[in-house]
Structures are given as C-alpha cells and as structure tokens.
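Q: So for the sequence shown, our numbering puts the first residue at 600; every next one is plus one.
Just so you know, the hints here were simulated from the structure itself, not pulled from any lab data. Each statement offered as a hint is correct.
Below, simulated SDA-like cross-link-like pairs (lysine to any residue); rule was C-alpha separation at most 20 Å, straight line:
| id | residue 1 | residue 2 |
| --- | --- | --- |
| 1 | Lys601 | Leu865 |
| 2 | Lys601 | Glu1001 |
| 3 | Lys674 | Pro785 |
| 4 | Lys674 | Ile661 |
| 5 | Lys674 | Leu780 |
| 6 | Lys603 | Ile861 |
| 7 | Lys601 | Arg868 |
| 8 | Lys1005 | His787 |
| 9 | Lys603 | Pro860 |
Label-pair restraints from in silico Cβ distances:
| id | residue 1 | residue 2 | range |
| --- | --- | --- | --- |
| 10 | Phe857 | Arg607 | 19 to 29 Å |
| 11 | Leu763 | His984 | 49 to 59 Å |
| 12 | Arg999 | Ile635 | 48 to 58 Å |
| 13 | Leu658 | Arg999 | 26 to 36 Å |
| 14 | Ile880 | Ala701 | 41 to 51 Å |
Glycine included, C-beta positions come from ideal geometry on N, C-alpha and C.
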Amino acid sequence: MKSKLWTRNFILDTSINFLLYVIFYQLMLWSTNYSIVTWHSSISEAGLASGIFIIGALLSRIITGHIIDILGRKKLLIIGTVLYLTAIPLYFSASTIVSFFAVRCFHGIAYGISATAASTIIGAIVPADRRGEGIGYYALGNTLASAAGPFLGIALCSGGNFSLNLYVCMILAIVTLILSLLLHSPEHTCSAEEKTTLRKVSFNSFFAVRALPISCISFLCGIAYSAVLSFMGAYADAQELAAGGSLFFFAYALTSLFSRPITGHLLDRFGGNIVMYPTLIILALCMAILGLASSTTYFILGGIFLGLSYSTVTSAGQALAIYGIPSNQIGLATSTFFVLIDLGVGIGPYMLGELVPTYGFSSVYYLACFIAIAAIPLYYITIGHRGMFTPRWMHVVQRRVELHEKRANAATAAHHIVPPSVSDPF
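Working from the sequences, and respecting the hints, build out all of it.
A: Here is the structure:
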C-alpha cells in the first residue's frame, strides 16, 4: 500500500513554494524595467539588479543549509518569509541605484532562506517511497510560477505603474507568511555532539559531499538552461519570431505540468538512472533544436523538450540529492543541490553571452548543447559507474537510513548518544 502523499502539510508547503516563486519572477522582470525607467541605468546595470538578487540567495542558501537543523526548519521558514515580506516595502525607500541594489541583495537573502527551508521541509514530509513523485508535484509550483509571475509583472506594470506590482507582491508575501505559520514541519532534534559538529567551519559544514555528484550534473544543466532564461526573448526577436518565443514558454510549462509527476513515479519505481540518462539526452537535443530554429515549430518543439528535461532535472535531481541522506543532513543536501544549480544559472549568461557579438545567438545554444552532452559521461563516471541510483542501491540505502534513524532516536532517548552516520552500501 502506498504511503499518503497529499497531506495538509504537503499542500501547505507546496503552496508556499509556489508563492515564493511567483513573487521572485514578478520582481525579476520588474526590477530590470524599474531601474532603467527610474535611474536611466544601462542594460548591464539593469541586469545586475537581477544578478545581485541571485548572489544574495546563493549566500543565504549556503548558510541556511548549515544551520537549519540547529535553529529548526519551521523557525527558519518563518524568519525567511518575514524577511521576504519586510524587503518589499523597502523598495519604496530606495532613492539611488546603489540603495536599490542593496534592497535587491537583502531580498535575495530572504528568498534563499525561505526557499531552502521550504525545500528541506518537503524532503522531510514526503514519504521515502514516493519521494520522486512528491517532489515532482512540489516542483510544479516553480513551473507554474514561471508563467504566472512574468504575466502578473507585465500586466501590473503596464503604463509604468510600478507601485501596483509591489502592492500585489506584498499581499502574496503576507499569504505566504500565514501559510508558513500554519505549517507543521517534522524537525530533527540535534544531540550535543551533532551541534558541536555543525558549529565547526569546514567544507563539509556547508556542502553535503554525498549530494555533490548529482548537484554537479545539475550545475551543468543550469548553465544550459540559462541560455533559455537570458537570451530566448532577444533570440526570438532577432529571428523575427516573437510569437515563437511566447509559444516556447507555453509548451515548456504545459509539458512540465504532465511530465514531472510521471518522471517522479518512474524514479521511485525504477531508480534514478532510467530517468536521468534520457533527461540529459533530451536537454542536449532541446538546445540543438533551438540553435537550428528557423520557424515557430522549432521553438514549440524546443519548449516541449525542455519541459521533458530541465523540469525533470530540478525535481528528480533534488529527490536524488537527498536520497539516502540522514534526516539531520537533508537541509544541507538540499542547500548543496540548489546552490550549484543556481550557480549554473547565474554564471551561464556571462559565459554563453560572450559568443553573441561574434557568432550570434545560435552559437549560445550550440555551446549549451555541448555542455548538456558533457553531463552524460560525467554522470556515468560520478554516479552510474559507482552503481548509485539503481533500484537495488536505492532500496538498500533507504533501509539502512531507516535503521540508522531508529537506532539514533533510541540511543538519544536512552543515553543521549548518536551512532555513527550510515555508510554507503557500495
């Protein structure tokens, strides 16, 4: 019998994630236009308004992953959503471009805390035997927000009424905070020994080593995806196919809506490899198709392929990053995964954009295709060759983690001692 997935807390946390991303996308679009209109900033300065938000988010993700099991998952989620709400009125007080950048960075920090806490909580809420499926549904919020956020941003800012967009974001942030207060999160009680270990400053304090292989694969996928996120609009305009660019995102969102639950179910039943290998191949094909785009059909097909690939990377990748991870390290593993994928999305535009002046937009997608192809042998070397994410590996690891948790809880209750961490079965 399957474990129950659609619980009250699952629905609350999924809704929180959706609202966090709606506000994120609304203000990403808004911040660029606002800085240009208000301070007549250059395109590069306007782009920095988006980039500095990501920098703040990356920094806070790293720190949040380290301290979340000391301070508590729900407590950090509430802190993050309070800061997320507090940052929005500060935009009204930004009188210079520098102060505007400072607010954007602060807002990014708040977003990083909130998003990492929400993702950590979902990893603890979802039953282990339905983790791929559950996180697939959870991650649908990101996809739906990527359509709803820009739509609201464009509609609310029409005619230069930038303040209205902020007021709507404030309302959404208040709803997010209320949902966070209503959420009940499974918490991990750290022993004195664990707290001492977590307070030590080292690489292992901020990154989960066991989550690094799949996170590095996702880093490369993030670079490839940045070609879409940063250049699709300009590329479609250059091809005089603006309608194709719009249909691309519609096809991407629609395909993601149906593919994520299916790929999550396949992951739970047949293991991670049967999902990830086709995903990486399809991502490479997506970028190749976009590089060859000469009609609207190419853009629609590219959107379908992206929905079958990158959306799976973000959901299945997160599920695999925390698979076999003891509960006291889920936050750290979640942070590791999203830090690397966000880093890929962040540096991608600067790396790929260098090709545009000399070779044109198509070259961006050809290079992104090569990066996606490079992820396939890297996946085999770091994961497939080691026997990870096969059905047998996942079953054995999960059983060992469950036994470890039972022994740890019993030992903590009786002697306040935590047994050594579970070891890999291979």
